[in-house]
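**Q** Could you put the whole structure together from the sequences, leaning on the hints where they help?
Chains A and B, in that order, give the protein sequences.
Residue 402 in the numbering used here sits at position 402 of the first sequence; the count goes up by one each step and never skips.
Residue 386 in the numbering used here sits at position 386 of the second sequence; the count goes up by one each step and never skips.
Fair warning: there could be bad hints in the mix.
What the hints assert, rightly or not - Here are some of the chain B residues that sit facing chain A, going by a computed Cβ distance under 10 angstroms:
no.	residue
1	Gln131
2	Pro132
3	Met363
Everything labelled a hint here was simulated from the structure, so no lab data went into it.
Ideal Cβ placement from N, Cα and C applies to all residues, glycine included.
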Amino acid sequence: MKEDKMRYLPLTPEDRQSMLATIGAQTVDDLFVDVPEEARLTGPVQGLPMHAGEMAVEAHMKALAKKNHAAGDMPFFLGAGAYRHHVPASVDHIIQRGEFLTAYTPYQPEIAQGTLQTLFEFQTQVARLFGVDVANASMYDGSTACWEAITMARRITKRSKALLSSGLHPHYVSVAKTMAKFTKDTLVYDAPQLDAATDGQRLLDQIDSDTSCIVVQYPDILGRIDNMAALAEKAKAHKALLIAVVTEPVALGAIMSPGEMGADIVVGEGQSLGVGLQFGGPYVGLFGCKEKYVRQMPGRLCGETVDAEGKRGFVLTLSTREQHIRREKATSNICTNSGLCALAFTAHMTLLGEKGLRQLATLNHKKAVQAAGRLSAISGVKLLNDSFFNEFTLVLDKDARPIVRALADQRILAGVSLGRLYPEEESLAHGLIVAVTETVSDEDVEALAVALEGALA
Amino acid sequence: MNMLSEGRPTKQEENLTMPTQDAITTHTGNRALMVDEPLIFETGSPDRSGVDLPDAPEVESRLGGLDRKAPIGVPGLSEAEMVRHYTRLSRQNYAIDVGLFPLGSCTMKHNPRLNEKMARLKGFADIHPMQPMESVQGALELIHELAEWLKLLTGMPAVAMSPKAGAHGELCGILAIRSALEARGDAREVILVPESAHGTNPATAAFAGYKVEDIPANSNGRVDLEALKARLGPDVAGVMITNPNTCGLFEPDMKAISDAVHAAGGLVYCDGANFNAIVGKVRPGDLGVDAMHINLHKTFSTPHGGGGPGSGPVVFSEALAPFAPLPIVEKMDNGHFHLIEEETAEEHHSSSFGRMVAFHGQMGMFTRALTYMLSHGADGLKQVSEDAVLNANYILRSLDDILEAPFGKSGPCMHEALFSDKGFTNGLGTLDLAKGMIDEGYHPMTMYFPLVVHGAMLVEPTETESKAAIDQFVGAFRSVAERAKAGDELLKSAPHFAPRHRLDETQAARKPALVWTEPEDFAEAAE
Numbered sequence: 001m002k003e004d005k006m007r008y009l010p011l012t013p014e015d016r017q018s019m020l021a022t023i024g025a026q027t028v029d030d031l032f033v034d035v036p037e038e039a040r041l042t043g044p045v046q047g048l049p050m051h052a053g054e055m056a057v058e059a060h061m062k063a064l065a066k067k068n069h070a071a072g073d074m075p076f077f078l079g080a081g082a083y084r085h086h087v088p089a090s091v092d093h094i095i096q097r098g099e100f101l102t103a104y105t106p107y108q109p110e111i112a113q114g115t116l117q118t119l120f121e122f123q124t125q126v127a128r129l130f131g132v133d134v135a136n137a138s139m140y141d142g143s144t145a146c147w148e149a150i151t152m153a154r155r156i157t158k159r160s161k162a163l164l165s166s167g168l169h170p171h172y173v174s175v176a177k178t179m180a181k182f183t184k185d186t187l188v189y190d191a192p193q194l195d196a197a198t199d200g201q202r203l204l205d206q207i208d209s210d211t212s213c214i215v216v217q218y219p220d221i222l223g224r225i226d227n228m229a230a231l232a233e234k235a236k237a238h239k240a241l242l243i244a245v246v247t248e249p250v251a252l253g254a255i256m257s258p259g260e261m262g263a264d265i266v267v268g269e270g271q272s273l274g275v276g277l278q279f280g281g282p283y284v285g286l287f288g289c290k291e292k293y294v295r296q297m298p299g300r301l302c303g304e305t306v307d308a309e310g311k312r313g314f315v316l317t318l319s320t321r322e323q324h325i326r327r328e329k330a331t332s333n334i335c336t337n338s339g340l341c342a343l344a345f346t347a348h349m350t351l352l353g354e355k356g357l358r359q360l361a362t363l364n365h366k367k368a369v370q371a372a373g374r375l376s377a378i379s380g381v382k383l384l385n386d387s388f389f390n391e392f393t394l395v396l397d398k399d400a401r402p403i404v405r406a407l408a409d410q411r412i413l414a415g416v417s418l419g420r421l422y423p424e425e426e427s428l429a430h431g432l433i434v435a436v437t438e439t440v441s442d443e444d445v446e447a448l449a450v451a452l453e454g455a456l457a
Numbered sequence: 001m002n003m004l005s006e007g008r009p010t011k012q013e014e015n016l017t018m019p020t021q022d023a024i025t026t027h028t029g030n031r032a033l034m035v036d037e038p039l040i041f042e043t044g045s046p047d048r049s050g051v052d053l054p055d056a057p058e059v060e061s062r063l064g065g066l067d068r069k070a071p072i073g074v075p076g077l078s079e080a081e082m083v084r085h086y087t088r089l090s091r092q093n094y095a096i097d098v099g100l101f102p103l104g105s106c107t108m109k110h111n112p113r114l115n116e117k118m119a120r121l122k123g124f125a126d127i128h129p130m131q132p133m134e135s136v137q138g139a140l141e142l143i144h145e146l147a148e149w150l151k152l153l154t155g156m157p158a159v160a161m162s163p164k165a166g167a168h169g170e171l172c173g174i175l176a177i178r179s180a181l182e183a184r185g186d187a188r189e190v191i192l193v194p195e196s197a198h199g200t201n202p203a204t205a206a207f208a209g210y211k212v213e214d215i216p217a218n219s220n221g222r223v224d225l226e227a228l229k230a231r232l233g234p235d236v237a238g239v240m241i242t243n244p245n246t247c248g249l250f251e252p253d254m255k256a257i258s259d260a261v262h263a264a265g266g267l268v269y270c271d272g273a274n275f276n277a278i279v280g281k282v283r284p285g286d287l288g289v290d291a292m293h294i295n296l297h298k299t300f301s302t303p304h305g306g307g308g309p310g311s312g313p314v315v316f317s318e319a320l321a322p323f324a325p326l327p328i329v330e331k332m333d334n335g336h337f338h339l340i341e342e343e344t345a346e347e348h349h350s351s352s353f354g355r356m357v358a359f360h361g362q363m364g365m366f367t368r369a370l371t372y373m374l375s376h377g378a379d380g381l382k383q384v385s386e387d388a389v390l391n392a393n394y395i396l397r398s399l400d401d402i403l404e405a406p407f408g409k410s411g412p413c414m415h416e417a418l419f420s421d422k423g424f425t426n427g428l429g430t431l432d433l434a435k436g437m438i439d440e441g442y443h444p445m446t447m448y449f450p451l452v453v454h455g456a457m458l459v460e461p462t463e464t465e466s467k468a469a470i471d472q473f474v475g476a477f478r479s480v481a482e483r484a485k486a487g488d489e490l491l492k493s494a495p496h497f498a499p500r501h502r503l504d505e506t507q508a509a510r511k512p513a514l515v516w517t518e519p520e521d522f523a524e525a526a527e
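**A** Written out as structure tokens, the structure reads:
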């Protein structure tokens with residue numbers, strides 16, 4: 001390679017020579033003397049291409065991108081933990097400002113007030129949206145936030161049996177099961193049934209004095225909405241905690257917050273606001289709880305304080321819970337979280353405000369109600385839900401998964417089949433989860449309806 | 001040239017005396033471009049919004065009687081106000097785009113903007129993780145292609161792509177080790193970690209249920225091989241070693257360490273946080289490593305974003321490959337790409353320890369990292385590590401006459417230079433030097449880490465700095481170091497020119513204020 005052709009590397013051959021002279025080395029290889037010679041490669045790694053210019057790289061990436069069906073190019077109805085909402089242009093502009101994009105975790109608060117103040121605002125917005133006292137500065141995503149909440153409940157209650165609602169996202173269940181194998185937590189879980197009612201009653205019956213927590217998704221994986229106040233009350237009577245999981249935060253612009261119903265810890269996936277679909281990541285985990293549990297909360301926290309002149313400022317705080325201080329005694333091993341996605345979330349929320357959030361939520365809900373009406377009028381289609389927000393479950397009179405695949409070939413992305421989510425559960429194979437957000441047009445719904453009619457005929 | 005000045009003075013007044021900065025106050029408290037920005041809760045209002053949405057169709061709602069009636073309490077701003085709010089806040093941040101960011105062990109290199117452009121292609125940014133696989137073949141192919149790069153660059157046969165960040169990758173590696181040991185009916189209890197390790201290592205091992213024991217370092221800042229060998233035994237599941245280590249040094253005995261651990265029935269985890277020093281130059285697979293995470297947000301230039309999102313794929317040896325977590329992208333015989341999830345795991349990956357995240361990992365980071373790799377190529381990546389190591393050694397040798405370099409005598413460093421606060425006077429320490437660097441216009445180096453060196457200062461310039469930029473940085477560092485050695489009182493109250501003076505962290509921790517609350521007089525007035 002002609003060394004001066006690599007556009008991201010500013011050193012010239014002359015620079016390198018003069019720097020080696022300062023160091024007192026003959027060649028750059030002299031700097032790698034600690035690496036045993038047999039482990040040092042003499043040339044570039046075999047089997048990989050050589051460097052390429054912007055145009056060539058762009059062409060390669062665009063060719064890959066073109067092989068995918070982009071959601072915006074066709075009628076699109078997928079949800080089940082990731083939702084397609086319109087992200088205002090100003091949000092993406094803000095997160096691309098280099099001062100946010102290329103900053104590090106705010107370890108030097110005097111020159112990181114931009115990041116810190118937005119995190120403080122983010123924490124406040126999340127706490128208020130969830131109806132709890134405090135929130136942290138974000139987690140990796142909803143599924144990992146959910147597991148961290150279960151371990152937090154274990155630390156608080158000193159018990160290790162968690163009751164998981166059958167309405168919890170199956171990936172979240174899967175993550176918790178994976179982790180519990182190693183931590184020896186006991187998880188009680190059954191797959192959902194195609195029923196308009198949630199398993200709230202079963203959970204109520206199962207709470208006992210060994211229970212550390214009850215984990216309930218709201219709205220749940222099938223789109224159902226259930227009041228969790230009775231669960232909160234019984235949990236409290238047994239000194240167990242109620243954990244609510246919200247995978248669609250826009251819903252909380254329309255329905256009561258889990259905190260208002262007595263949830264002790266509320267976690268969620270914040271992807272809906274500002275972040276976009278991105279094939280599943282990066283997303284942003286939301287984590288809030290009652291004030292009394294704050295010292296058991298995982299993850300980074302931003303707090304208000306003053307500087308030496310008495311001016312208000314913000315810092316990372318309560319780091320005595322964290323791995324870089326506590327090492328093996330830390331509340332969690334998390335270091336990096338999801339700062340830039342948290343910025344996207346908070347910027348979008350600020351642009352909406354309460355008025356905009358409520359409007360957005362209403363628009364989502366009413367469009368979904370309308371679509372549910374149209375789709376459930378099709379012969380061979382039943383609507384499972386009594387209540388829902390922007391997502392509901394249809395029960396078809398055939399297996400849903402092959403239909404979803406066939407419709408994708410017709411350039412209609414129809415929803416998430418329960419067969420994909422619960423491959424083991426034959427009783428669920430006819431279920432199809434359909435999400436309808438503000439990005440779905442009447443024509444999209446009609447296209448789906450006509451295609452479904454065709455597939456079921 | 002005759003210019004119309006319309007009364008506007010075109011020439012500086014002569015003999016002006018400039019007052020000292022402290023003597024000037026402003027009505028607002030602001031200083032030109034340095035402007036304080038209130039919280040959205042102080043300026044916004046719940047009925048203001050920067051979005052306009054179409055009217056909702058008129059249909060009955062079906063919310064099950066759970067309508068949210070009480071105020072939520074999230075204020076809004078108009079678009080102009082919102083853009084200004086965040087723009088003003090952004091200007092209170094230091095960032096790579098603003099200047100050299102020598103934060104040791106964090107690899108703050110330039111983030112190419114082509115990466116951002118590629119990540120925003122609708123075929124990557126606007127696809128849902130649960131779309132039918134035939135509709136996302138390009139995305140699966142991209143993950144597969146990136147996986148191939150990572151395997152070739154590390155010389156390891158398998159990789160798990162889903163971990164969300166470095167610490168999550170560590171957890172992935174340790175869980176694979178535990179699964180492998182349990183599968184052979186040989187559950188063990190102890191993980192050995194060098195005392196210089198990053199705090200996430202012991203935290204991760206503990207999270208996975210292991211007891212953590214320290215391995216001492218020798219006087220050269222490397223793992224004490226004999227002490228390690230003496231501790232190995234049937235209760236030791238493995239070691240977690242950072243290589244290059246947190247002192248910025250390569251562990252020359254790495255292969256011997258791996259061999260000893262393997263001979264005692266254990267497995268080797270390598271923390272790949274410092275992979276930037278050896279990428280394209282050394283393959284960890286050649287050193288006997290069984291698992292290593294790779295921070296795409298360090299070595300492969302995906303932006304740090306003020307604290308994430310990161311991405312921490314984990315490469316595995318043959319011994320651990322069968323235990324890798326789901327999902328896994330595989331290329332089928334017909335050339336199509338398939339996502340192995342729980343459903344098909346039974347036949348293909350029956351030993352997988354399970355799922356670590358919903359969906360498939362940090363796709364947005366994968367697109368950026370692959371863009372970066374394609375730009376550099378195998379030749380460019382080799383140049384990356386060579387230039388990163390060259391820049392660090394240049395700093396080491398440009399400053400080791402004024403600052404103590406604890407391991408400087410034992411030879412060259414890798415990608416970061418380590419100094420101590422030895423010789424500072426008047427009670428000044430590393431923190432004061434760091435704050436002095438802020439006034440010079442730099443983000444400070446990593447402070448007080450690694451813990452094995454008193455008042456440690458870990459300087460990592462990365463390969464994307466020019467010689468001129470490094471010379472300027474060295475000049476500033478030298479000047480502040482001289483002041484620290486001379487006991488300059490003014491350093492104790494630095495920074496003087498940042499948006500904030502030193503912040504009271506004790507008060508923040510004693511009475512945590514983590515959310516905004518309406519001031520009391522405000523609440524009273526509303527009554």
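**Q** Take the hints in turn and mark each one as holding or not.
**A** Against the structure, the hints come out as follows:
no., hint, in the structure
1, Gln131, "6 angstroms, holds"
2, Pro132, "4 angstroms, holds"
3, Met363, "4 angstroms, holds"
This entry satisfies every hint, going by the numbered hints stated previously.
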